[in-house]
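K.L.:
Chain residues, written in single-letter form:
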Amino acid sequence: MATQEKTYLQAISDGLRQEMRRDQRVFCLGEDVGVYGGAFKVTQGFQEEFGASRVLDMPLSETAIVAGATGAALMGMRPVAEMQFADFVSCAWDHLVTVAAKQRYRAGTPVPIVLRLPSGGGFSGGPFHSQNPESSFAHIPGLKVVCPATPEDAKGLLATSIEDPNPVLYFEHKHLYRRIKGPVPEERYATPFGKARVHREGDDLTVITWGAMVYTADEAAAKLADEGVEVEVLDLRTLIPWDREAVLESVARCSKALVLHEDTKTGGFGAEIAATIAEEAFEQLDAPVRRIAAPDSPVPFAPSLEKAFIPQVDDVAAALRELAAY
Amino acid sequence: MATQEKTYLQAISDGLRQEMRRDQRVFCLGEDVGVYGGAFKVTQGFQEEFGASRVLDMPLSETAIVAGATGAALMGMRPVAEMQFADFVSCAWDHLVTVAAKQRYRAGTPVPIVLRLPSGGGFSGGPFHSQNPESSFAHIPGLKVVCPATPEDAKGLLATSIEDPNPVLYFEHKHLYRRIKGPVPEERYATPFGKARVHREGDDLTVITWGAMVYTADEAAAKLADEGVEVEVLDLRTLIPWDREAVLESVARCSKALVLHEDTKTGGFGAEIAATIAEEAFEQLDAPVRRIAAPDSPVPFAPSLEKAFIPQVDDVAAALRELAAY
Amino acid sequence: MAVREAEPVETLQEVKEAGLDREDLLSMYRNMLTTRAIEERGHILYKQGKIPGSFYTGRGNEGSAVGVGTAMGPNDVGTPLQRDMGVHVTRGIEPWRVFAQYMGRVDGPTKGRDGNVHMGDARMGLHTMVSHLPAMLPVAVGMALAFRIRDEKRVAVAWCGEGAAARGDAHEGMNLAGVRRLPVVFVIDNNQWAYSTPAHLEYAVDHLADRAAAYGFEGVVVDGTDVLAVYREAKRAIEKAREGGGPTLIESVTLRMEGHAVHDDAFYVPKELFEEWARRDPIERFRGWLRDNASMSDEEEDEITSGVKRLLSAAIQRAEESPVPDPATLLDGVFATPEELETPHHK
Amino acid sequence: MAVREAEPVETLQEVKEAGLDREDLLSMYRNMLTTRAIEERGHILYKQGKIPGSFYTGRGNEGSAVGVGTAMGPNDVGTPLQRDMGVHVTRGIEPWRVFAQYMGRVDGPTKGRDGNVHMGDARMGLHTMVSHLPAMLPVAVGMALAFRIRDEKRVAVAWCGEGAAARGDAHEGMNLAGVRRLPVVFVIDNNQWAYSTPAHLEYAVDHLADRAAAYGFEGVVVDGTDVLAVYREAKRAIEKAREGGGPTLIESVTLRMEGHAVHDDAFYVPKELFEEWARRDPIERFRGWLRDNASMSDEEEDEITSGVKRLLSAAIQRAEESPVPDPATLLDGVFATPEELETPHHK
Ligand SMILES: Cc1ncc(C[n+]2csc(CCOP(=O)(O)OP(=O)(O)O)c2C)c(N)n1
Ligand SMILES: Cc1ncc(C[n+]2csc(CCOP(=O)(O)OP(=O)(O)O)c2C)c(N)n1
Ligand SMILES: [Mg+2]
Ligand SMILES: [Mg+2]
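Order-wise, the sequence lines are chains A, B, C and D.
FYI, in our numbering the residues of the first sequence are 99 to 424.
FYI, in our numbering the residues of the second sequence are 99 to 424.
FYI, in our numbering the residues of the third sequence are -8 to 338.
FYI, in our numbering the residues of the fourth sequence are -8 to 338.
The set of hints was computed from the structure by calculation and includes no laboratory data.
Any given hint might turn out to be false.
In silico DMTMM-like pairs for lysine to aspartate or glutamate, Cα to Cα no more than 25 Å straight-line [as the list claims (entries may be wrong)]:
(1) B:Lys139 - C:Glu249
(2) A:Lys293 - A:Asp394
(3) B:Lys405 - C:Asp98
(4) C:Lys300 - C:Glu249
(5) B:Lys293 - D:Glu331
(6) A:Lys293 - C:Asp323
(7) C:Lys144 - A:Asp121
(8) A:Lys139 - D:Asp255
(9) C:Lys300 - C:Glu263
(10) C:Lys231 - D:Asp197
(11) B:Lys139 - B:Glu328
(12) C:Lys226 - C:Asp15
(13) B:Lys405 - C:Asp323
(14) D:Lys300 - D:Glu85
(15) B:Lys405 - C:Asp317
(16) B:Lys321 - A:Glu377
(17) A:Lys405 - D:Asp323
(18) C:Lys226 - C:Glu312
(19) C:Lys231 - C:Asp15
(20) B:Lys293 - D:Glu330
(21) A:Lys139 - D:Asp317
(22) D:Lys262 - A:Glu146
(23) A:Lys293 - A:Glu328
(24) B:Lys405 - C:Glu312
(25) D:Lys144 - D:Asp112
(26) D:Lys300 - D:Glu275
(27) D:Lys7 - D:Asp272
(28) D:Lys231 - D:Glu1
(29) B:Lys279 - B:Asp112
(30) D:Lys226 - D:Glu331
(31) B:Lys293 - B:Asp324
(32) D:Lys300 - D:Asp98
(33) B:Lys293 - B:Glu328
(34) B:Lys293 - D:Asp323
(35) A:Lys405 - D:Glu330
(36) A:Lys139 - D:Asp256
Just the calculated beta-carbon pair ranges, DEER-fashion [as the list claims (entries may be wrong)]:
(37) B:Ala320 - C:Val253: 34 to 40 Å
(38) D:Leu322 - B:Glu378: 58 to 64 Å
(39) C:His254 - A:Ala150: 48 to 54 Å
(40) A:Pro393 - B:Gly143: 42 to 48 Å
C-beta atoms are modelled at their ideal positions from N, C-alpha and C, and glycine is treated no differently.
Only chain A is shown next, with the shape it has when bound in the complex (with noise of 0.2 Å):
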C-alpha cells in the first residue's frame, strides 16, 4: 500500500474525508466545525466538499450534539460528532450511560456514533482543556473506548470505529496532534479494536499503556535500554475493548509489568490493567504490578504544576529502574 508521511492531526482529517467520501450517511456535527474547519482544523474545507448538511454548526449544546448524533445514527445514519475538547463531555454524560450505552441492550436497537474527543495535556490548558476522560466511559458498559497513538492508528481506528455499529468514544490527543509524524496508507483500512501494538519488543519488563503516554514510555524505555535492560513497550489502542491476551503474554514473558496513564491514579483505567495482571498472572509475577498516572488532583494550569502532574519520562524511568532492581 501506498504510504504518506502525515502528522497524526492529518491523518484523522484524511481518514474521516475518506469516509464521507465513500458513505453517504456519514456526516460530522459539532460546534464550529462547518466554516471554521472545527478548533483544530480536522474538518478543514469539509464544508466546501460535503456542503453544510453533512458538516453541521451546532449550537453550543453537547447534549443536543450527542443525543442529536443518537437519533440520527438510530434513523440510519453514521454520525461523527465533534467535542470541541474532551472535557466537554461531561455535558453529555448523561445522555451517553443513559441512552446510547444501554440503548441495544435494552431496546435492540444499535447506537452507531462516534464521538471524536481531542483530550490530553501538556500545554497549559488548565483543568478544563487538558483532561483525559476514558477511564470515566471506560467503565460504563455498551460503550467503546479507542485512543490512538500514531498517525497510522488514528486513521485506521477512526475507521473502524465508524464502522462499529456501537457508541463509540474516539480520544484524539491534542498533544500528538502536530507533533508526531509517521507514514500512513493512502487506501482505506480498518485496525481492529481489541488489539494491542507493540510500539516496542522487550523482553525484562512490560509498559501497558496508550494515547501520549506512549511516547513516555518508549523515551523512558531507551534510557533503560543504554542500562541494558529492555523494555516492552505495549501501546493498548483501545480500552473497551482492550487486550488481555497480548497483555497477558508479554508479562508472562517478562514477569515485570508497569502501567501507566496520563489521567490520574486512583479509580482510573490503570487499576483495571493492574488488577487483572494480578489476578490472572500472579505466578508469573516477579515484581508488584506498579502504575503510574497522575496524582489526584485537577491538571494544573502554571507549567511548574502540570509538568509535576503529567507523568514524566524521569518517572517512568526510574519505576522502571525499580522494578528492574526488584
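Given the structure of chain A, go ahead and fit chains B, C and D with the ligands onto it with the hints provided.
P.N.:
Below, chains B, C and D with the ligands without anything else, positioned relative to chain A:
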C-alpha cells in the same frame, strides 16, 4: 450512649433531622422531598417541622438542584440534596466534576454540599433504578464518596458528610432501607471517613466490600465458617477516602483477598483496591486478589436476569472456597 | 403571552375535514379502550404479584396519546413516555407483548431487559423511553435531523411531561429544532403533577406552550381529554413539519388521574380536582361524542367493548406463557454486531 | 414578542437620577480604560511568551461589564465570564493580580491552578468561571436561593454568552429562578458570535431577552456599548430583585471585536460588521459623552489615562516578581479543611 433499634432508613431520616435541628445552615432540597417526604420517605414530616424554606420541593432539574446546592454552599449554607434515585445523578455529572469537584482547588472556595443518593438493585428496578454509580465519582479528584452499610454508620456518616467542607456523595442502598435494622445511638455522633469497619473477624481470608454487599459477604463467610475457613469481612464505609491501612493490615494477616462490589466489574472501584493490594502487599499474598462484581451490562429488569447480574452469596462462597484452596 | 388555545371539535364534519372517516373514529375509540384496559388489567396483575418492579398508568391521558398516535404517518417516528400507552396501541403493538414486557418475559419489546412502560417497537417507529426524563426528546430531534439531511418527508414526535420540561435536555432539543427548523413535533403531556410536585413549582408561565416562542416556533394548548381536538392539532403540526414548516409545541392538558405509580395514593392532589377531571374522562367524553355525532349504536359499542375484553384475556394468557429470560443470555447484546445495522428500523 | 428595548442615556440629569455622581462617572471611565489596558497589555505579554495557555479578551464589552459591575451593591455576588474583565476591575481587583493569574503565578486569584480569565476573588463577591459554559449560571441561582432562605437583601448576577444560552444549564437555572422568584439578574453578553458560530445558529428568536417570558420574568435588550444604559438597566433589575421583584434577563448587545481567542483572526466575521461596531466603541462613546455632558476636561482625561498606564506598568512588574507555584504544592487544596469554612466569603 442510649441506643434504639432502627431501620437503615429511619437512621438516615433521624440523623438528618438531628442535623437540621442543630444547624440552621442545613437545609434539604430535591424532587418531592417536601409535601411528599421524598420518594422513600426519608424527609417525611420535615416540611412540617422545618418549614418550606428549609425543605424545598425543586423542579425536575438535577443540574439546578446540585448546582443550586453549590451556590448556596458558597454562600455559607450546608445543603443536603436528594436525588430521587442515584441513577439520576448522571444528569448533574457535569456540575459535579466540573464545578464542585474542582472549586476548592482552583478558586480556593470550599463547597460543602451533600448529595443523598438512593442506589442499588435487587427488586427489579431495571436499568435506571438500580445502579451503583459510586465508582464513577470515586475517580474524580475532589469528591468524597460514602457508602454506609449499617443503620449506625448511616447516621454517623451522614453527620460527618454534612460537617465535611467538601462535596460528599452519600450513597444509601435502597435494598437496606427497610431490610436492615440495628442499634443507633440517640445522641449525635460523627463517624470518621476513611476508617473501615470489621464486620466479621477472620484470619484466613479477607473480603473487602461496602454497602449491601457487606451482608452478601457475611452470609458467604458464614458458610465458609461452617467449613472451617475464617473469613474477615471489611466494610470500607467510605471509598474516598478509603482505608488502605486497614485493608493492607488485614491482607497481611490473611494473605488472601477478595474484593466484592455490586457495581459492574470493569473499571469499578474494586479494581483500584485490587491493584493497590497487588502492588503494596505483593510479598504477603498467597493467592491472586480476586474480584467479584456485577458483569459488564446494564442492570436487567427481569428477576431471572437480575439475580444473575447481582453477585449472590453462592458466587462469593464459591470464590472464597477456591481462594481458600489455592 | 399569545399561544393559541385550540377549540374543541364539535361536529362530524369538522372531523372529516381533519381526515378521519367513521371507521377511523371507531378504531380510535377501540384504541382508547384497549389502552385503559391494558393498564387496568396490568394493575391487577401487579397486585397479584405477577409483575415485578413498579407499575405506571396513564389514566386520563388515553385521548391525548391516541389522538397524537392517530395523527402520525406510517413512516413517522416518536419517543412516547410513561403516560402514552395509547401511542403504542395506536401504532399497533399487540397487547400480549405489553403484558410480556410488564412481566419481564422474552416476548416483551425489551425481552425482559427493561421493564414496565420502558418499551417501544422500532418497527412501528416507536423508540423506547429511558427513565431519565426527557432524555429521549433531543434524540427525537436527532431523528428529525436525519430526515432533514436525507430530505425525507418524515416527522419525529417527541413527548415530554410538564415536569420534565424543566430539564436541560428539553431546552437543548427544542432550541436545536428551532434553529434548524427540523420536522419534529413536541407534545407536552401536561397532567398538572410531576410525582407530587404541582406545576407551579415546575414552571412559572401560564402555559408551557409559551416556551415555543422562546425557540422561534408555534405553540398551542389543547384540551387533552378531547381526543379529536388533540388529533386535529397533532395532524396540523405534523403535516406542517412534514412540509418544511418547522416544529410545533403542543401542550396537551389533562390530569394524572392516579398516583405517580401504583404505590402512590396521590394524597397531595386535592379531591375536588380529581372529581372535576373525572367528569372530563376522555373515554366517556369521546363515547358521548360518538353517540351524539357519529351515531355509534349499542351494538357497535358492545362489539368494541367485548372485543377488547376478549383481546386482553387472550393477551394475558399468551404473555404468561412467554418464557422468562434465560440467565445464560445475561450478557447478550450489550454490544451490537455489524449485521444488526441491516434491520428495517435502520433504513 | 414584547421585550423592552432600553433607551439610550442622554443627559447628566438622567444619570444622576440613576444614582451616579460625577466622581462615579469618571471612575467608570477609568475602569473601562483599565479593563482594556489589562487585556491589551496581556496580549503583548502573551505574544512575548510570558503567558502560557491561551488568551481571551473582551474588547467591545468593557462598557457592559463596567456598567453591570457598577450597579451591583457591596454585598452582591456574581459569576462573570470570559468577556467580563470589567466586572473584576470594577469590584476592585488589583491589576497586578490579574497579570499574576495570566502568568500562572501564586499571587493570581487561582494561585496558578487555573489560568487566563478563569478567576474571581470571593472577597469581592465574584466567583470564578469554569470553561464549561454556562455552568456557573445555576450556581449563581443557588447563591440567590441562599439569600432567599436567610432573608438577606442581596442579589446574585449570573452572566451567560448568547452561545452558551443554548445549553441546558441556562434553562434549568433560569427556570428555577423564575419558579422561586429568586433575587438573581441574568446578563446575556450577546456579542453575536460564539467562537465562529453566528447567533442565528445558536437561537431562533429575535432577542434572547424574549426567553425571559418563558420563565415568567422580565426581559430587556440594552445596547452594550452604552455603559450608562447598561448601568441603568442593571441597577433597575438588581434593585427590583433585591426588593423581592424576582429575576430579570438583560440582553446586552455588542460585537466581539476580536477573535474568540488570540489564535483566531475571526475571518468568518464580515469586515463591515467590525467597521460598523468599531464606530460604536464603548470607551470612545463614553469619552465623548463625558466631554459633552459632564465636561470632562483635557487634564482630567490625561490624568486618568496616564494613571492607568502607570498602574499597569507597575502591575506587570509586580506580577513578574510573583513566584511560580512550587511543584511540591501540587496536591494542596484538592480537599478543603474544616477551618476554611470560616472565610469571609462564607458568611
Ligand atoms: C431526570 C429525572 N429525574 C427524576 C426522575 C424521577 N421521576 C420519574 S417521573 C417523575 C415526574 C415526572 O413528571 P412529568 O414530567 O410531569 O411526567 P408525569 O409523570 O407527570 O407524566 C420524576 C420526578 C426521572 N424519571 N428523571
Ligand atoms: C459546554 C462548552 N462547550 C464548548 C465550549 C468551547 N467554547 C468556549 S467559548 C465558546 C463560544 C462561547 O460563545 P458565547 O457563549 O457566545 O460567549 P462568547 O465567547 O462569544 O463571549 C465555545 C464553544 C465551552 N467553553 N463550554
Ligand atoms: Mg406531569
Ligand atoms: Mg458570543
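K.L.:
Could you check the hint for me, namely that Pro393 of chain A and Gly143 of chain B are 42 to 48 Å apart, CB to CB?
P.N.:
Taking Cβ atoms as reference, Pro393 of chain A and Gly143 of chain B lie about 45 Å apart, which means the hint holds.
K.L.:
Would the hint linking Lys139 of chain B and Glu328 of chain B be met if the CA-CA limit is 25 Å?
P.N.:
violated, 39 Å
K.L.:
Lys300 of chain D and Asp98 of chain D: Cα distance at most 25 Å?
P.N.:
The hint holds at about 21 Å.
K.L.:
Is the Cα-Cα distance between Lys293 of chain A and Asp323 of chain C 25 Å or less?
P.N.:
holds, 22 Å
K.L.:
Is Lys139 of chain A within 25 Å of Asp255 of chain D, Cα to Cα?
P.N.:
holds, 12 Å
K.L.:
Check the hint pairing Lys293 of chain B with Glu328 of chain B against an upper bound of 25 Å on the C-alpha distance.
P.N.:
Status holds; Cα separation ~22 Å.
K.L.:
Hey, Lys139 of chain B versus Glu249 of chain C, does the alpha-carbon distance stay inside 25 Å?
P.N.:
holds, 19 Å
K.L.:
Hint check: Lys405 of chain B vs Asp323 of chain C, CA-CA at most 25 Å. Holds or violated?
P.N.:
holds, 16 Å
K.L.:
Within a Cα-Cα threshold of 25 Å, do Lys300 of chain D and Glu275 of chain D meet the stated pairing?
P.N.:
Measuring from Cα to Cα gives roughly 17 Å; hence the hint holds.
K.L.:
Quickly compare the C-alpha distance for Lys262 of chain D and Glu146 of chain A to 25 Å and report which way the hint goes.
P.N.:
holds, 21 Å
K.L.:
Holds or violated: Lys405 of chain A with Glu330 of chain D, Cα cutoff 25 Å?
P.N.:
Violated, because 30 Å separates the two Cα atoms, which is more than 25 Å.
K.L.:
Would the hint linking Lys226 of chain C and Asp15 of chain C be met if the CA-CA limit is 25 Å?
P.N.:
holds, 14 Å
Violation of the numbered hints given earlier is confined to hints 2, 9, 11, 18, 21, 30, 31, 35, 38; the remaining hints are satisfied by the structure.
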